[in-house]
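Peer 1: Chains as they are written, first to last, in my numbering: chain B, 1 to 121; chain U, 1 to 550.
Everything labelled a hint here was simulated from the structure, so no lab data went into it.
Remember, predicted model here, so these are calculated numbers, not experimental data.
Be careful, since some hints might not be right.
Unchecked claim - Across the chosen pairs, the derived CB separations fall in these ranges:
no., chain 1, residue 1, chain 2, residue 2, range
1, U, Leu319, B, Arg22, 52 to 62 Å
2, B, His82, U, Pro528, 22 to 32 Å
3, B, Val66, U, Ala469, 33 to 43 Å
4, B, Ile65, U, Ala468, 30 to 40 Å
5, B, His82, U, Ala489, 44 to 54 Å
6, B, Arg22, U, Ala469, 41 to 51 Å
7, U, Ala348, B, Thr46, 30 to 40 Å
8, B, Thr77, U, Phe444, 16 to 26 Å
9, U, Pro475, B, Thr46, 33 to 43 Å
10, U, Asp297, B, Ile23, 49 to 59 Å
11, B, Arg22, U, Ser265, 13 to 23 Å
Claimed, not checked - From the derived model, a few chain U residues whose C-beta atoms are all more than 10 Å from chain B:
no., residue
12, Thr198
13, Asp297
14, Asp318
15, Ala348
16, Thr400
17, Ala462
18, Val491
19, Ala517
20, Val523
The C-beta atom is built at its ideal place from N, Cα and C for all residues, glycine as well.
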Amino acid sequence: MRPTLSFARGLWYYVGAFFMSRIAATLIVLGLYALHQDVWFWNDATPLVFGVLPIGLFYHVAYTIVTAVVMAVLVKTCWPSHLDSETEASASEPARTQRGIEVPARQRVEGSAGPKPSGSQ
Amino acid sequence: MIAAIVVFAYLAAVLYIGIFAFRTGRRSSSAEDYFLAGRSLGPAVFLLSLFGANMTAFSILGASGHSFANGIVTFGLMASSSALVIPVSLLVIGTRLWAFGKRHGFMTPVQMFRDRWECGHIGTVIFAVQAALLVPYIIIAVVGGGTTLATVTDGLVPYPIGGAIVALVIMTYVFLGGMRGTAWVNAFQTILFLLFGTIAMVTIAHGMGGFRAAVASMLAAPETAPLLTRERVSPLYFISYTFIPLSSIAFPHIAIFCMTTKRLSHSRKTIVLYPICMIAIWLPSVFLGVVANRATDVPAIAAKLDARITLSSPASADLSPAERGRLQAVAGGDDVILRLVQGYAPTALAALLAAAVLAAVMASDSQILALSTMFTEDVFAYYGGRRRFGERVQVATGRTFVVGVTLVAYLVALSTPASIFALATQYAFAGYAGLTPLLVAALFWRGSTKWGALATAVWSGAAVLGVAAVQNAVPAPPQGQEVAVLSIAGVDLVTRVASGTMSLGFLPVVPITILSAILMVVVSKLTPSSRPAGETLERYFPSQRLRPLS
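Extracted from the complex, chain B is given alone in its bound form (with noise of 0.2 Å):
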């Protein structure tokens, strides 16, 4: 393989991780936070979009259909997939409290996990 070819596919498979990260999605996140504080628009009213809408208003709706967008791409890439099986998995094993006890998890509901720990709070 030539070597610029090789170097292409490395760079975007660190860049692939890297957007499915979770250092990339906690930046896009904060990115979209930082954008919601619009000074920009904070005393005009026009132009008024599509007639109708005030730029600051406009401006927030059109915020909130890309977050939308970007909540798609988070759940494509971020989504933790691995609880639900695991999760699946587990609800059928009798769970250990913290004594040691084995308790099928239906009945661990009372009270908390098992007998109360002496000297709870």
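Take the given structure of chain B and dock chain U to it, following the hints.
Peer 2: Leaving out everything else, chain U in the frame of chain B:
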């Protein structure tokens, strides 16, 4: 009269859904079936009911009332900030909550806190704080119901009776249908509202001679042009509001909703579509509230505008407190959307639209059911009630609690002078935002302790009580003025303004949430010996099985 018939027919339909849910679920008398619908809610019902649970008197009547007085800023304050913060909370916190709820059989957040921090009575304190903070949110439904019925019947059904009827209907279908009935009613209400909300927009636009003309004339008039901008609020005030949606995931009814989905993947659509739902509800509410300022041909709205002018004039300083209170009540905008519907829609259509508004207003059912679930699980069952009396008595206790809570909310609602928006933001949302660090620490921080949790819960409850005390002790000054309540070294730490209480220019929710998080960290660090046993921590933070969100 037609309006009253349609609205009462709607109430009867809602009641029937509750009875139907009761019949469907009565083969099973288990607590899990009543309180969590057997954890069987599908994705469509989950989306519609979660959406319905957020679509309350606050987002319809409160939002239009707030935008009537403050302009387009209302959308940015609550809708677009919620569109970001709530889905992110559901994705990050809600998914873990679901996993632990399903894995360990939890029905309420307090059950998880007790197990996670190996505590007992501290859990009871958290329950008490959560329950107390939820009551203002239930009150706004009664206030909204009373206002709606009194308005659509032109006073034929007075406010106290209207509030009682709405409270009774909500109580009955929650009492009978439990989570299944509540979810179905919420789904029905959401569909109804979205359908008739669109019709309302078209009808009102037609009646006003088109929204373009209304907005253009607002822009041309110096007294209404600022309502099309955000110049009436400060950027600090605007940022404050981004803390409010943090409360959403900490609300027990939302947390319990997160625990009720059959599969985790069912909440994916909810997270993606939530921002769109916010537009569907909040944009019409806010826009109609703003353009209502041009609806001077509707007598009730003209009276509101006159009262507002009197209150903002220099001569208002000479008004007696009683007269000021009367004018503030007249100028209040909670009923403005109903007045628009009454003014511009034909009677039969106005009645249908009023029923749609009522549908949204009645969405406090989830909160009432959550309180009932919490009481029976966190108090009744925890202190041995289920062991001694069985699940049937537990469900009966939950139903009795529904009656008691609704009655208390109704009695408080009769005497509450605050607007729906103020009631929600100053008390319920602020307090629950303060409880969010509790949830985050339980799910994500191994080092958190029960004492940190106690400090956070007590602080959040006490801070909201402090805000209530300030607002009762210091009368609201005229619009645009502020009264210093607590000053240190010449710096006004706490001030009273017309819309409520402020701290260093921020809403109380900001210091409440930040100090709550600081308390969780500091107190947990100071009490490392109270950390749960290694086996408990391993169940929550397994080294291999529960990977971090990535």
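Peer 1: Please go over all the hints and tell whether each is borne out by the structure.
Peer 2: Outcome of the hint check:
Leu319 (chain U) and Arg22 (chain B) have their C-beta atoms about 57 Å apart, which keeps the hinted 52 to 62 Å range intact. Checked against the given bound of 22 to 32 Å, the beta carbons of His82 (chain B) and Pro528 (chain U), roughly 30 Å apart, stay inside it. As the Cβ distance of Val66 (chain B) to Ala469 (chain U) is approximately 41 Å, the hint placing it in 33 to 43 Å holds. Take Ile65 (chain B) and Ala468 (chain U): their Cβ atoms lie about 38 Å apart, and the range 30 to 40 Å holds.
Taking 44 to 54 Å as the suggested C-beta distance range, the pair His82 (chain B) and Ala489 (chain U) conforms, at roughly 53 Å. At about 42 Å, the CB distance of Arg22 (chain B) to Ala469 (chain U) agrees with the hint of 41 to 51 Å. Against the hinted window of 30 to 40 Å, the Cβ-Cβ separation of Ala348 (chain U) and Thr46 (chain B) comes to about 39 Å, which satisfies the hint. Between Thr77 (chain B) and Phe444 (chain U) the beta carbons are some 20 Å apart, a value that agrees with the proposed interval 16 to 26 Å.
Remark: the range hint 33 to 43 Å for Pro475 (chain U) to Thr46 (chain B) is upheld by a beta-carbon distance near 38 Å. A beta carbon spacing of about 56 Å between Asp297 (chain U) and Ile23 (chain B) agrees with the range 49 to 59 Å that was offered as a hint. The hint said 13 to 23 Å for the Cβ distance between Arg22 (chain B) and Ser265 (chain U), and at roughly 20 Å that hint holds. Distance to chain B confirms Thr198 (chain U) as a non-interface residue, since its nearest Cβ pair spans about 16 Å, more than 10 Å.
Every Cβ of chain B is farther than 10 Å from the Cβ of Asp297 (chain U); the closest lies at roughly 19 Å, confirming the non-interface assignment. Chain B leaves Asp318 (chain U) outside its interface by the beta-carbon criterion, the shortest separation being 32 Å against a cut-off of 10 Å. For Ala348 (chain U), the shortest C-beta to C-beta distance to chain B comes to about 27 Å, beyond the 10 Å cut-off, and the non-interface label holds. For Thr400 (chain U), the condition that its CB be more than 10 Å from all CB atoms of chain B holds, with the nearest at approximately 19 Å.
Every beta carbon of chain B lies more than 10 Å from that of Ala462 (chain U), the smallest distance being close to 18 Å; the non-interface claim holds. Non-interface status of Val491 (chain U) relative to chain B is upheld: no Cβ of that chain comes within 10 Å, the nearest being about 24 Å off. No beta-carbon of chain B comes within 10 Å of the beta-carbon of Ala517 (chain U); the shortest separation is about 17 Å. For Val523 (chain U), the condition that its CB be more than 10 Å from all CB atoms of chain B holds, with the nearest at approximately 13 Å.
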